[in-house]
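In the order they appear, the protein sequences are chains A and E.
Each residue of the first sequence is one higher than the one before, counting from 0 in numbering that gives the first Met the number 0.
Each residue of the second sequence is one higher than the one before, counting from 0 in numbering that gives the first Met the number 0.
One or more of the hints may lead you astray.
Computed footprint of chain A on chain E; a stretch qualifies when at least three of its residues, placed anywhere within it, have a C-beta under 8 Å from a C-beta of chain A [stated by the list, open to error]: (1) 155–163; (2) 471–483; (3) 529–536; (4) 627–634.
Hint data in this document are derived by calculation from the structure and do not stem from the laboratory.
Computed from a predicted structure; not experimentally measured.
Glycine is no exception: its CB is placed at the ideal position from the N, C-alpha and C atoms.
Protein chains: 2
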Amino acid sequence: MIHSSWMRGTIILGMLMLMMLVPSLPMKAHTQSQGNPAVAGPPFNLMPLPSSVQADEGSLRVDASFGVTLNGHTEPRLDRAVQRFLRQLSRQTGIPAFANSAGSAKAILTIHTDHAGKEIQELGEDESYTLKISANGATLTAATPLGAMHGLQTFLQMVEVTPDGFTAHAAAIHDQPRFPWRGLMIDVSRHFVPLDILKRNIDGMEAVKMNVFHWHLSENQGFRIESKKFPKLHELGSDAMFYTQDEARDLINYARDRGIRVVPEFDMPGHSTAWFVGYPELSSGPGPYGIERKWGIFDPAMDPTNEKTYKFLDGLIAEMTKLFPDHYFHIGGDEVNGKQWDANPKIQQFMKSHNLKNSEALQAYFSGRVQKLVTKHGKAVVGWDEVFIPGVPKDIVIQSWRGAASLAQAASQGYQGILSNGYYLDLGWSTARHYAVDPMGGAAANLTPEQKKLILGGEACMWSEYVNAENIDSRIWPRNAAIAERLWSPQSVTDPASMYTRLHAINERLELLDLNHQKYYRPMLRRIAGSSTPEEFEALRTLADVVEPVKDYTRHALAPAEPTSATPLNRLVDAVPLESDTARRFADLVDKYVGAVCRDSETGTRLRAQLTLWRDNDARLEPLAQRSFLVKEVTQTSQDLSALGGIGLAALDFISKGGPPPDSWKADQTATIQQIQKPKAQLLLMPAAAVQKLLDAVAAGGSCAGAKQ
Amino acid sequence: MIHSSWMRGTIILGMLMLMMLVPSLPMKAHTQSQGNPAVAGPPFNLMPLPSSVQADEGSLRVDASFGVTLNGHTEPRLDRAVQRFLRQLSRQTGIPAFANSAGSAKAILTIHTDHAGKEIQELGEDESYTLKISANGATLTAATPLGAMHGLQTFLQMVEVTPDGFTAHAAAIHDQPRFPWRGLMIDVSRHFVPLDILKRNIDGMEAVKMNVFHWHLSENQGFRIESKKFPKLHELGSDAMFYTQDEARDLINYARDRGIRVVPEFDMPGHSTAWFVGYPELSSGPGPYGIERKWGIFDPAMDPTNEKTYKFLDGLIAEMTKLFPDHYFHIGGDEVNGKQWDANPKIQQFMKSHNLKNSEALQAYFSGRVQKLVTKHGKAVVGWDEVFIPGVPKDIVIQSWRGAASLAQAASQGYQGILSNGYYLDLGWSTARHYAVDPMGGAAANLTPEQKKLILGGEACMWSEYVNAENIDSRIWPRNAAIAERLWSPQSVTDPASMYTRLHAINERLELLDLNHQKYYRPMLRRIAGSSTPEEFEALRTLADVVEPVKDYTRHALAPAEPTSATPLNRLVDAVPLESDTARRFADLVDKYVGAVCRDSETGTRLRAQLTLWRDNDARLEPLAQRSFLVKEVTQTSQDLSALGGIGLAALDFISKGGPPPDSWKADQTATIQQIQKPKAQLLLMPAAAVQKLLDAVAAGGSCAGAKQ
């Protein structure tokens with residue numbers, strides 16, 4: 000999936016259709032989005048923030064005597080959820096008793112669940128819960144097991160270390176999701192992702208109350224699920240890296256236990272080269288085919304004019320809709336470049352005889368046929384924007400990579416949709432940037448209330464060109480937690496400062512789920528450094544902490560050689576987090592400093608310490624650059640950081656002295672910073688903009704030395 | 000196992016016996032221990048250091064084209080070893096091709112194995128190998144698969160990042176172990192250790208060429224292996240935390256694949272309370288029994304006078320010797336306090352009628368009976384020192400917790416032994432201290448060559464009173480790698496500086512085996528800190544990095560409340576590594592500084608920076624101490640660190656100024672340091688001794704200011 004602006008190609012026409020009645024979904028929770036969350040008392044580190052939190056006096060001790068009882072409706076899934084909760088509480092506190100049966104547990108937390116959930120988890124099930132914590136105990140009430148499970152996660156987030164041990168602050172929390180579809184998509188095709196890594200990411204989803212795992216199972220680069228009916232799909236299309244059907248069932252059960260639906264995606268008619276390795280007859284070209292090793296949009300596409308294609312798909316969809324119980328079935332449908340169709344006389348002939356004017360029309364024809372097959376097998380279709388074509392049934396869900404406008408347009412015509420544009424985790428955006436994207440933003444704000452109900456939520460997307468088992472967690476987390484909040488919490492919850500504070504807390508908690516999104520970092524830097532002294536390694540770390548991979552789709556464009564699935568992901572660009580906390584905090588500090596009427600000397604001292612560290616860092620790193628090609632690659636970036644430190648220090652000097660800098664000094668430094676801001680080794684040096692601000696503050700008139708006492 | 004001096008109790012008498020002919024074991028490798036390893040050229044980060052390394056010109060590129068072929072004897076175990084090697088090489092370099100079948104591999108490394116190993120791995124099998132690496136390729140030759148596997152680990156350690164990519168330096172390595180028994184014991188009874196954690200520790204053992212996993216399966220606190228014959232053993236004696244027989248078989252196969260034997264231990268007649276929960280009739284007291292929750296030596300012991308005891312043990316040994324294929328079977332035998340025997344008239348009567356003068360004699364009687372049962376089932380006995388009793392058969396192996404003298408005495412009488420005294424990982428010794436312990440040290444040095452052959456090696460022991468799944472890896476690694484080197488490398492390899500350098504390198508590599516001995520640290524500190532700013536957390540880290548848990552058996556004595564298996568291991572003492580690298584490096588720096596004729600000003604600057612950080616740290620940590628009881632606990636230690644920083648800085652000032660300090664100043668500071676050196680919160684502040692050295696340097700006459708230019 001290369002949903003880049005330079006590849007978008009054509010937009011499907013013919014989207015204007017008669018409005019139809021919207022099937023009424025039981026999505027009570029979905030409509031609740033008004034009002035600020037009422038958080039009184041101490042700020043709780045909750046993410047997503049509940050729709051209503053009222054802090055009370057006192058707090059509940061969480062010690063070895065802590066226990067849980069289930070009231071009302073019970074089922075094995077709830078028992079397992081409680082066991083999981085206790086294990087997690089044990090990890091969080093280090094108190095072993097919860098996890099052992101040996102503890103002398105009292106029923107401190109009482110859970111009352113009103114009734115069972117659906118046999119197969121459905122879109123729009125009641126997920127609400129009420130959690131009341133007092134000094135004497137806690138009660139969690141929920142309509143369904145889903146709500147109870149969400150409430151347990153909130154309880155875990157309420158437990159904090161205090162001077163008196165571990166406690167949960169007294170509070171009354173009423174909570175329900177804003178949107179009923181809160182998903183994470185993982186592309187397991189471009190790089191295979193082992194099952195245990197998917198599981199720990201599903202644990203992470205549970206922690207932040209996401210409820211759809213979208214499993215992108217097939218691509219040009221791999222067909223990743225066992226087909227018993229068409230075994231050459233996975234046998235020849237996966238380099239032996241696929242999930243067995245037993246494994247898929249295991250994952251589906253694992254997800255259901257955590258209140259998460261699993262929606263499989265079989266991307267067609269494009270993005271399907273890996274299918275053709277075993278079944279070239281499905282394609283529109285002559286073949287033969289090999290598994291695609293490169294990234295991008297490729298020519299091979301299924302032959303929409305061949306009845307055998309539909310017969311094959313009928314069989315496959317029959318098999319896969321049986322394997323995947325969810326009501327929704329994703330058929331992809333994105334980015335067909337039409338070249339194979341153009342080059343195939345038989346297909347051109349078919350288009351003429353069926354009055355299909357262009358590739359888009361042919362794809363619409365194909366989509367319509369496939370949708371009928373999915374419907375025939377009792378499921379509803381999800382597809383990327385391109386599947387939104389005239390006459391498509393109303394139970395389709397459109398997943399928009401194109402943006403909110405596209406989604407609003409579909410909704411205005413009575414179609415359900417979910418937003419993914421703005422939630423592409425692979426693009427390296429800051430958390431704040433993702434957080435600012437709202438499914439109800441832009442054109443959607445003008446929809447009628449009924450139309451708004453059609454916007455079901457959104458999905459974060461983890462495309463895997465540049466992620467593998469080693470670093471994928473770090474590309475998903477913690478940013479995905481902020482997207483989860485966007486989709487769960489009231490629309491009014493938008494303050495980035497609050498978000499970052501709470502993100503910092505949840506980030507640590509996520510590590511207790513065995514996600515390695517923080518732990519992966521040092522070993523990757525170690526590999527880059529090779530044998531090194533602590534000082535040398537610290538220098539590498541100092542540099543690594545302030546760079547980020549280039550954003551959006553520039554990584555591909557800036558690659559030193561065409562990247563493939565065999566390209567090692569062992570460089571600094573693969574190791575560093577996608578968002579530099581150090582750079583963000585430095586920028587905040589600079590803002591505080593230059594924004595003040597009088598320069599705060601403590602802030603100045605901290606800035607100076609940071610800038611001095613950076614200025615002197617290249618000399619410390621230099622020995623490593625001599626020894627490791629992976630450090631050598633970032634030599635210029637390291638020198639840039641030192642230069643940046645020097646410029647910042649000089650700017651601070653001018654500011655504190657108050658005198659004007661020499662002629663052209665500022666222009667020279669600005670030019671240097673502009674050079675520094677150019678990507679090198681596919682990395683951006685993040686503090687550059689903040690240092691430029693310091694520089695601008697010099698020009699702005701220096702210090703308020705006159706005002707000093 | 001509380002092998003403390005204050006619990007040693009009595010020493011078994013009657014150890015003097017006639018010397019008998021030693022059965023000749025095929026332990027060619029064992030006798031090779033003379034000579035320095037010839038390491039020419041660049042220092043390689045190999046651990047254990049091979050017996051001979053000759054560096055050559057050039058180096059071998061390790062890139063995507065790298066491949067392996069097997070020649071000579073082949074077997075599935077070798078194929079799996081090669082696959083594992085390639086996966087590990089892939090993790091080490093980040094080059095995916097090795098791990099995929101898709102690579103365009105050439106045979107760069109050729110492995111020739113001469114013949115098969117034993118069906119069941121035996122003590123003393125040939126483990127030697129020769130590894131030759133040139134710019135054009137590498138050959139690994141070995142007599143058996145064991146040698147080939149060891150050679151593969153050496154190759155992995157030879158691969159380094161260089162300016163030209165990943166390479167292995169050209170070299171000729173001839174290698175073989177000094178001792179044939181190089182073990183790690185893990186006590187899974189006091190705290191249960193999940194199977195996957197055992198597996199990753201076995202991976203670690205493979206990396207450092209250890210070959211015996213000693214599985215301490217039963218104790219007062221838990222009987223951890225499923226018995227089909229006596230199911231109440233694990234059902235009532237394990238809190239449902241036990242290994243099934245299938246899991247045991249899985250682990251045995253896993254270990255065999257890595258050249259590692261598995262020796263199970265069933266500790267008896269003491270250390271066996273957990274057995275009596277289900278089978279009180281085995282005991283010498285009235286019962287009933289519960290699983291023991293405390294640590295220490297307890298009264299319950301098996302009844303050696305009851306024939307039913309031996310009938311039961313006959314059945315259990317029959318079952319377990321079938322499950323565990325290794326020739327050796329560990330029967331424990333340590334630390335019986337004799338109280339139940341003294342209190343039981345029937346037993347007293349038996350002792351009189353059998354002329355057994357005391358508890359030791361009764362235990363000897365018991366040991367003799369059990370040894371016969373083990374022999375009957377075709378196995379040979381391993382036991383702790385106490386099983387070394389008159390008339391015991393010569394194929395017994397004595398595992399010495401008492402020390403080298405005890406081992407030498409046994410050897411002088413023709414008995415085989417392995418050393419564990421000095422290798423107790425739970426005692427918190429520095430790596431250098433373990434490293435200095437040699438099985439041939441002390442009295443063993445005076446043995447005849449034939450007697451020396453009876454010293455088979457040693458075992459590191461991980462007793463688990465204060466370790467659990469979360470921190471156990473950190474208590475075993477990296478120190479166990481140095482013990483592995485002691486048991487593998489020539490006796491002449493003893494330089495601690497070289498050891499620490501190479502340990503640092505292997506330490507990082509071990510993380511690529513999923514050992515979490517480094518990764519565990521930050522999450523544990525996070526739990527202690529709770530919500531914290533980066534600066535606050537850094538302050539906690541600064542403190543944590545320079546403390547170590549109290550040594551030997553003082554932790555139990557200094558416990559704020561009697562510790563049990565339900566005691567949380569969530570305090571700073573549980574989180575910090577057992578050896579402070581920061582303190583060790585600081586001490587090295589102080590030695591360098593005070594040892595120089597003229598004070599090196601760069602060293603002085605570094606010392607000053609470190610001491611300043613410490614001096615100011617308590618103020619930074621203070622907010623956390625207000626918020627978390629787990630930080631509050633170390634308030635005094637934090638203040639001590641600040642005081643230490645202040646003293647060190649003052650000492651540096653006097654040294655650099657050259658003037659004498661005021662009267663009594665030095666004595667006052669020394670008194671303060673003595674206070675600081677007392678354990679608090681079961682922690683030792685490690686830099687205290689080095690700061691005292693600085694202080695002593697003041698008294699020694701200050702700087703050589705006169706000599707300065």
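#### Entry: Coverage of the stretch 471–483 of chain E by chain A, judged on three or more residues with CB within 8 Å
violated (count 0)
### Query
For the stretch 529–536 of chain E, do three or more residues have a beta carbon lying closer than 8 Å to a beta carbon of chain A?
holds (count 3)
#### Entry: Coverage assertion for the stretch 627–634 of chain E with respect to chain A, Cβ distance below 8 Å, three residues required
Our answer is that it holds, as 4 residues pass the Cβ test (under 8 Å) against chain A, meeting three.
### Task
Between the stretch 155–163 of chain E and chain A, see if three or more residues pass the 8 Å beta-carbon test, and mark the coverage as holds or violated.
holds (count 5)
The structure shown violates just one earlier hint, number 2.
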